[in-house]
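Sequence lines, in order, name chains F and E. First residue of the first sequence? That's 734 in our numbering, and the numbers climb one at a time after it. First residue of the second sequence? That's 734 in our numbering, and the numbers climb one at a time after it.
Hints should not be assumed to be uniformly reliable.
A pair holds if it fits inside one copy or across any two, identical chains being indistinguishable in the list.
Unchecked claim - Derived EDC-like pairs: lysine to aspartate or glutamate, alpha-carbon spacing no greater than 16 Å straight-line:
#	residue 1	residue 2
1	Lys781	Asp740
2	Lys755	Glu744
3	Lys855	Glu870
4	Lys781	Glu797
5	Lys755	Glu741
If you are wondering where the hints come from, they were derived from the structure by calculation, not from laboratory data.
2 protein chains.
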Amino acid sequence: MLPSTLDELIEALRCLPGVGPKSAQRMAYHLLQRDQRGAGRLASALQKALVVLRHCERCNAFTESQVCQRCASSQRDASLLCVVEMPADLAMIEQTHAYDGLYYVLMGRISPLDGIGPRELKLDRLLARATDGVVREVILATNFTNEGEATAHTISELLNARGIRASRLSRGVPVGGELEHTDSGTIAQALFERRAL
Amino acid sequence: MLPSTLDELIEALRCLPGVGPKSAQRMAYHLLQRDQRGAGRLASALQKALVVLRHCERCNAFTESQVCQRCASSQRDASLLCVVEMPADLAMIEQTHAYDGLYYVLMGRISPLDGIGPRELKLDRLLARATDGVVREVILATNFTNEGEATAHTISELLNARGIRASRLSRGVPVGGELEHTDSGTIAQALFERRAL
Chain F
734 MLPSTLDELI EALRCLPGVG PKSAQRMAYH LLQRDQRGAG RLASALQKAL
784 VVLRHCERCN AFTESQVCQR CASSQRDASL LCVVEMPADL AMIEQTHAYD
834 GLYYVLMGRI SPLDGIGPRE LKLDRLLARA TDGVVREVIL ATNFTNEGEA
884 TAHTISELLN ARGIRASRLS RGVPVGGELE HTDSGTIAQA LFERRAL
Chain E
734 MLPSTLDELI EALRCLPGVG PKSAQRMAYH LLQRDQRGAG RLASALQKAL
784 VVLRHCERCN AFTESQVCQR CASSQRDASL LCVVEMPADL AMIEQTHAYD
834 GLYYVLMGRI SPLDGIGPRE LKLDRLLARA TDGVVREVIL ATNFTNEGEA
884 TAHTISELLN ARGIRASRLS RGVPVGGELE HTDSGTIAQA LFERRAL
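The whole structure should be built from the sequences, with the hints applied where relevant.
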């Protein structure tokens, strides 16, 4: 017995990840009751984003131009290409100020359960990018989850077959981490990948 | 170094309750990458809702007309007025099929921490509604939280001062509940409000 406009809004909010029927209802009431200005701003931000944003031709991240600022910059080392799953991962690496190469954003990971394989990830686009003759090394910085590991593995095989060097972020005990509070899988990996001093 | 359109979308998504910077980012990428159709539908649902929905003059719930279907119905007992905090509470009571009176939706609760007092809740509108000469009893069905209890208490005092009968949902052990798994506060209340058989 809800008005249909309200029903439609609640239903539309459910397209947001992690939002079920209850939260969608709560969000709708919050927007209508307490934040109509925010709701209006959200509606126009969505519409503008849908029109204006596209994928950078080189790194696949979202941008308003054909090639994003970072890829167009002459300050970055174009021989290094770091592959991440999502733009948020790219932001984390940028925050370290320890990397001055370029990026490729997969916008996902290989995930058979969600029906996302090499084709859905458009890995051929990444391969074309990595074989441009300038890239000397591809650093695979996907997550260390099962899906991220599988993605890195798949990409490294494709790159090796084309004679491109692939590397992977190291695994081990976090900086500042205490062994007592580190899970045994990580410790085992840190032992296995121990470095000579 | 995110494109400003994307920044604006992420910022706009933060108006949703319970959505912080990380979830807002995740939502934005999800919408742009995986569900552009959903994003477009959300934008138009928001805009339509902002234009079309208003508060029912009688029960304060959202409606597309001046008076909502329920308040306009002749099938309901107009002498009973059930006061709830939110439309979701109303829906829960309707689901019981145990109530055929009318409702008044506060659209909130007294919450000094959020700066919401009797004035912000517009309790004078509720009082005007309850003193229309037809209502014989006001059932206070606010939540049994501290804020809901305070709200019920405040309203009952205002109603009593105007000679209107107020009642409150009973508290006790849930139907089907086992004492072993019921919190002691509820059991204490169930003892205190025990009924003669």
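Hint by hint, here is what the structure shows:
When the C-alpha separation of Lys781 and Asp740 is checked against a cutoff of 16 Å, the pair qualifies only between copies, where the shortest distance is 12 Å, while the shortest distance within a copy is 24 Å. In this homomeric assembly, Lys755 and Glu744 come within 16 Å of each other (Cα to Cα) only inside a single copy, at 11 Å, whereas the closest approach across copies is 23 Å. When the C-alpha separation of Lys855 and Glu870 is checked against a cutoff of 16 Å, the pair qualifies neither within a copy, at 20 Å, nor between copies, at 65 Å. Taking identical chains as interchangeable, the C-alpha atoms of Lys781 and Glu797 lie at most 16 Å apart only when both belong to the same chain, with a minimum of 11 Å there against 28 Å between chains.
With identical chains, the CA atoms of Lys755 and Glu741 are at most 16 Å apart within one copy only, with a shortest distance of 14 Å there and 26 Å across copies.
Going through the hint list in order, the structure does not satisfy hint 3, though it satisfies all others.
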